[in-house]
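Taken in order, these protein sequences are the chains called Y and S. Per this note's numbering, residue 1 is the first one in the first sequence, and the count goes up by one each step. Per this note's numbering, residue 1 is the first one in the second sequence, and the count goes up by one each step.
The set of hints was computed from the structure by calculation and includes no laboratory data. One thing to keep in mind: the hints can contain errors.
Unchecked claim - Residues on chain Y that point at chain S, a partial pick, calculated with CB under 7 Å:
id, residue
1, Ser96
2, Leu131
3, Ile134
4, Ala139
Here a beta-carbon is modelled for each residue, glycine too, at the ideal position from N, C-alpha and C.
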Amino acid sequence: MAIPNNIHSHVMSHPLLSSLTKAETSIILNQLHYQVLEPEEYLFREGDSGGQCYLIVMGSITVSKRLETGIDQTLTTLASGELLGQIALIDHKPRSATCRGGSRGAGVVLLDSTTFESLYSAQSPFAFKVLDHIVSDLAKRLRNANQQLSKAKGTSSDALRQSLSLKAAQVIAGHRYTDEELDSIEVVKTDFEESLKYSR
Amino acid sequence: MTATSYDFLNDIPLFKDVPQSQMIDVLRMLRPTTFNAGELIFRQGDEGRAAFVIQSGAVEIFLNSTSEAIVLARFQAGELFGELALIDGSPRSAGARAMTRCEILCLEKREFDFLRAQHQPVAFHLLRSFSDELCARIRDTNDQIDQLLVRGKSDQRGGPVVTSARVTQQDVPSSNLFKRWISKLSK
């Protein structure tokens, strides 16, 4: 549905939208859709085809991944203001995680890839900001996830490997760890280097 | 820069979305350099001042180790490396060395940041290319995480994390993947 009038100003206060001109604002508002999710209601599931990204404007979204054991592993809960699903917006590939409404449900603004492509072609300032935000955000996630993955591959402890892999998955899902938290597990260097020798 | 190098730009994936009319802006950001075989392009921990496009020659990305350098990736003509530091300004997470004599185009961070801050169309196109590259790399990293996470206990020792061949400077080190990747490269 269209974005309800009573939350227009709330939506437009988001950093991705706040500095747009009036004319741009009205163009954008007409092209974005709004979706309300009940607690636990699916936004999308892992493996679904995806061509939209979502801006959370109310409540929260829980991101999870199905493990082989059949258990849904929660990776993170994204709060109001966060963008999610941006990878599929760019590459149109299946969703790598499942997203559901959080404990109080959620309100999300939806940007589909057709709209994004047309805004991109028109060189809309909004599309530029979204793209710039996505690139910076993904670069950071990639860097942090790879750092954890590297440690996970460097340890001979199964428990540690699981914990570091989970941390990497959480980082990719958008969980915001502090640098301190990311550095908290230090894999013994000799162990890591030993593992590298096996790979050669 | 010569007309020849301008033509070369059209064949580089990073510039695929850039219209001909904006190539002049691309040229402004580029500084052609040459490295001799064995020469260091950047060190692990260096401030990232540029991304690099290989015009000719081959480059290897390596991690320092107490005993020997661990090669994470190799790149050849037309390929891009070192773009993470260009995007977020973070220090180099690995070193880069010319394996042969290389002609390399440096995409200067200072120039890119200027065009990016001004929302210039050329920066728009480059961000688009970077987003494609990053998404591919994140999918690849995700696959590696899934192998460790979804399957539960890993049945083998790890090694350097390796990215797909189209990918660039790698932050981290993996074993089977590494071998598979190297064999893919040598085909």
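So, going through the hints one by one against the coordinates:
Hint status for Ser96 of chain Y relative to chain S: holds, with the closest Cβ pair at about 5 Å, below 7 Å. A distance limit of 7 Å between C-beta atoms decides the matter here; for Leu131 of chain Y the minimum to chain S is near 5 Å, and the interface restraint holds. This hint holds: Ile134 of chain Y has a C-beta 6 Å from the nearest C-beta of chain S, less than the 7 Å allowed. Checking Ala139 of chain Y against chain S by beta carbon gives a least distance of about 4 Å; that is within 7 Å, so the hint holds.
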